[in-house]
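Asker: We have chain S already, so just place chain L on it with the hints.
Those sequence lines, one after another, are chains S and L.
Each residue of the first sequence is one higher than the one before, counting from 1 in this note's numbering.
Each residue of the second sequence is one higher than the one before, counting from 1 in this note's numbering.
Since the hints were derived computationally from the structure, they do not count as laboratory data.
These figures come from a predicted structure and were not determined experimentally.
Don't be surprised by glycine CBs; every beta carbon is placed ideally from N, CA and C.
Where hints are given, some of them may not hold.
[Stated by the list, open to error] From the structure, some residues in chain L lie toward chain S, with a derived Cβ separation under 7 Å:
{"hint": "1", "residue": "Arg10"}
{"hint": "2", "residue": "Ala12"}
{"hint": "3", "residue": "Ile15"}
{"hint": "4", "residue": "Gly47"}
{"hint": "5", "residue": "Gln50"}
{"hint": "6", "residue": "Pro339"}
{"hint": "7", "residue": "Gln359"}
{"hint": "8", "residue": "Tyr360"}
{"hint": "9", "residue": "Leu362"}
[As the list claims (entries may be wrong)] Heads up, simulated SDA-like pairs for lysine to any residue below, C-alpha to C-alpha not over 20 Å straight-line:
{"hint": "10", "chain 1": "L", "residue 1": "Lys275", "chain 2": "L", "residue 2": "Ser312"}
{"hint": "11", "chain 1": "S", "residue 1": "Lys159", "chain 2": "L", "residue 2": "Asp113"}
{"hint": "12", "chain 1": "S", "residue 1": "Lys345", "chain 2": "L", "residue 2": "Leu14"}
{"hint": "13", "chain 1": "S", "residue 1": "Lys345", "chain 2": "L", "residue 2": "Asp11"}
{"hint": "14", "chain 1": "L", "residue 1": "Lys45", "chain 2": "S", "residue 2": "Glu288"}
{"hint": "15", "chain 1": "L", "residue 1": "Lys45", "chain 2": "S", "residue 2": "Ile277"}
{"hint": "16", "chain 1": "S", "residue 1": "Lys333", "chain 2": "L", "residue 2": "Leu362"}
{"hint": "17", "chain 1": "L", "residue 1": "Lys133", "chain 2": "S", "residue 2": "Gly160"}
{"hint": "18", "chain 1": "L", "residue 1": "Lys326", "chain 2": "L", "residue 2": "Gln50"}
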Amino acid sequence: MQPISSSDNEPLSILGGYCPIPLPHQEKIVLGHGSGGKLTHDLIHSIFQTRLGNSVLNSGNDGAVLPSIGKDDEIIVSVDSHVVTPLFFPGGDIGKLAISGTVNDIAVMGAIPKYISAGFIIEEGFQTETLGQIIDSMAATAKEANILVVAGDTKVVEKGKCDGLYITTSGIGVRQNNLLIGGQFVKPGDDIILSGSIGDHGMAVLQARGELGFESKITSDVAPLNGMIQMALNAGKNDQGNAIHAMRDPTRGGVATTLSEIAQQSKTGIVINEKSIPVSEIVQSICEMLGFDPLYVANEGKCLFFVSPQKTETVLEAIRNHDYGKDAQVIGKVVADNPGKVLLKTILGSTHLLEMLSGEMLPRIC
Amino acid sequence: MDKTLLSGFRDADLIQTRVNEIKKIITRPWVIMEICGGQTHAIMKYGLEQILPSEVEFIHGPGCPVCVTSLELVDKAVQIASQPNVIFTSYGDMLRVPGSSQDLFAVRANGGDVRVVYSPLDAVKIAINNPEKEVVFFAIGFETTAPANAMAVLQAHALGLNNFSILVSHVCVPPAMRAILSSPSNRVQAFLAAGHVCAVMGYWEYPPIAAEFHIPIVVTGFEPLDIIEGVYRTIVQLEKGEHKVENAYSRVVTFEGNRAAQAVIKQVFEICDRKWRGIGTIPASGWKLKQEWAKYDADNRFDVKAINPLESPLCIAGQILQGMKKPFECPAFGTICTPENPLGATMVSSEGACAAYYQYSLNR
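Isolated chain S, as found in the complex (with noise of 0.2 Å):
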């Protein structure tokens, strides 16, 4: 480094020697980034503030103030933490998977999101460009979503202590009252409705960690998915209020392990035909390969409706008409034969069962 000079070239100092400014850290985060002082405004104001800000996050209070909501209204709140490895994939990235992923949770309660709180803990050492990015990518993602980020915190720990980035996002919707959607309404008879095809999410990410040797264009399915569920619920509004007992996004552990918890909590059982499910090519070939199944491997993009049959063609349409589902297909039915159990009906007309996923999903030896 050169000493810093006056105009003319003279040293500055009469001694000889100079003054070192402390560097301006802004390539990577550093400790202080988190230390709540100077540094933490900075990264705030030039990071945070300038893609996801809106008047409640500008306010500069310790909490935000949200607008009241009417009487006819309930509150649904969900929180939800994101560690992915790599932070960047085929199809998407930890920011738009931390807005997405809350903002599911809280549609698929019949619910408009609405705001949502983020919180993040931040390797030292990690590039400040990169964190840009992911950020740009929450604020587009949010924009989609219509909603606001109103609340956030950040957090750095030494290196080595988190893998480069975690986000919490915690979201709040409103819900009109009364409105019974929930795991525990679903009723033998309801059709089975998935949006698309599965394993995207799960294979993208799987294929972005560059363990398996073979490359494919697998792009993750990660989408705010609001919009077509509402386009879902208006088709499906009937004089008991709605068609749609229950959605769900078939995340961790896939539709096989969904459709579990909801046979259980709703003491039913579920026959879906394994010739419906939605699978693209890739994804199929590349399970068969390592020897996953498809329908336990993530979506995070994806939803489960469980729709009254009266109206099960025009909730289908509506989700058909939605980019997101565009490939949504009647899987199956709900019964009461088997309460608490998922079968599947296979190509063959044989029936098995679909148990949950156990542990960690892990690739077969040959």
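Answerer: This is chain L only, laid out in the frame that chain S set:
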């Protein structure tokens, strides 16, 4: 992979046609053993027993590498993986297999560096990148995984690596078939031989077994149509009283097998007696590293304390692996023994018979 190729082997009409032909010719009950756990899972997953005539009984063979790896070796792996300077690498399936006191997942939770790899060559890469650590690969499996494991040793040698070794537990199919057929309680009347094993080894080892024990052996694949075809061919032979070796997986398997792979195996491994979990020691049923490769043998490299393996007294995995009992005949099945809390390896692996019944069967 070509989806049309794959879906052809899952075509309901083709499969039903073959099933109808089996129904036409079958006159009495027959007991068929599918050797490979991958075939067991396909049978359960596609519900093949539901569409086949009731005269066909499958008993499930020992071809699950995770299931037959001896408890001593699992305990040894746990001890080595627990050492501070070690990166222990393994196929994922092996991590959940219960040892006497803990599994490799528990070692990892206690701070051990245990990593899942997809190939032993990935373990070699880890050894290159971590010269200050001892990198051990858990080299388990049948003839299918042996060539890649042998290649890993050759590659480590070519690279001059001094920090790479493998913990070997290789097992071979033909001696196990002989052991099953020689047992006084044997019920097996025909074998579906394991397609992937034969892809490597060919099926030149089988004619003497078929001749000696008067038993039909059909090399069979893993798709539902493959398995139905294998069953059809064994039933044709059984009904005619024949005992030939046939290849119903000719799109993958040749009589000689993969000669290059066999040569690599021969270069690195030699035949040894091997203890099979739940079954016992079968003479000349395994492979170990040849003396010249002893430096890559984790068994020599690590001073492992005396091991007193302790199986759960309730687990009947041995009888299941030999086809003497069905998983649901075990009182622990699905009650105290589940994939979350397995008493034996057959409840763990994606190829284990108990895991297949637990996952797919309503009869529990």
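Asker: CA of lysine 45 of chain L to CA of isoleucine 277 of chain S, is that 20 Å or under?
Answerer: holds, 16 Å
Asker: CA of lysine 345 of chain S to CA of leucine 14 of chain L, is that 20 Å or under?
Answerer: holds, 18 Å
Asker: Going straight from one Cα to the other, do lysine 45 of chain L and glutamate 288 of chain S come out at no more than 20 Å?
Answerer: Answer holds: lysine 45 of chain L to glutamate 288 of chain S is near 13 Å, not above 20 Å.
Asker: Against chain S, with CB atoms and a cut of 7 Å, does the hint on alanine 12 of chain L hold up?
Answerer: Alanine 12 of chain L check passes; min Cβ-Cβ to chain S is 5 Å, inside 7 Å.
Asker: Straight-line Cα separation of lysine 159 of chain S and aspartate 113 of chain L no greater than 20 Å?
Answerer: Distance ~19 Å between lysine 159 of chain S and aspartate 113 of chain L Cα, so the pair holds.
Asker: With 7 Å as the cut and Cβ atoms as the points, is leucine 362 of chain L at the interface with chain S?
Answerer: At 5 Å from the nearest chain S Cβ, leucine 362 of chain L passes the 7 Å test, so the hint holds.
Asker: Taking 7 Å as the limit, does the beta-carbon of glutamine 50 of chain L come near enough to a beta-carbon in chain S?
Answerer: holds, 4 Å
Asker: Take a quick look at whether lysine 133 of chain L and glycine 160 of chain S sit within 20 Å of each other, Cα to Cα.
Answerer: Answer holds: lysine 133 of chain L to glycine 160 of chain S is near 19 Å, not above 20 Å.
Asker: Tell me if the interface restraint on glutamine 359 of chain L is satisfied: Cβ within less than 7 Å of some Cβ in chain S.
Answerer: With a minimum Cβ separation of about 5 Å from chain S (threshold 7 Å), the hint on glutamine 359 of chain L holds.
Asker: Has the given pair, lysine 326 of chain L with glutamine 50 of chain L, been kept, meaning a C-alpha gap of at most 20 Å?
Answerer: Distance ~16 Å between lysine 326 of chain L and glutamine 50 of chain L Cα, so the pair holds.
Asker: Minimum Cβ distance from proline 339 of chain L to chain S below 7 Å?
Answerer: holds, 4 Å
Asker: Has the given pair, lysine 333 of chain S with leucine 362 of chain L, been kept, meaning a C-alpha gap of at most 20 Å?
Answerer: holds, 18 Å
Every hint, counting from the list given before, is met by this structure.
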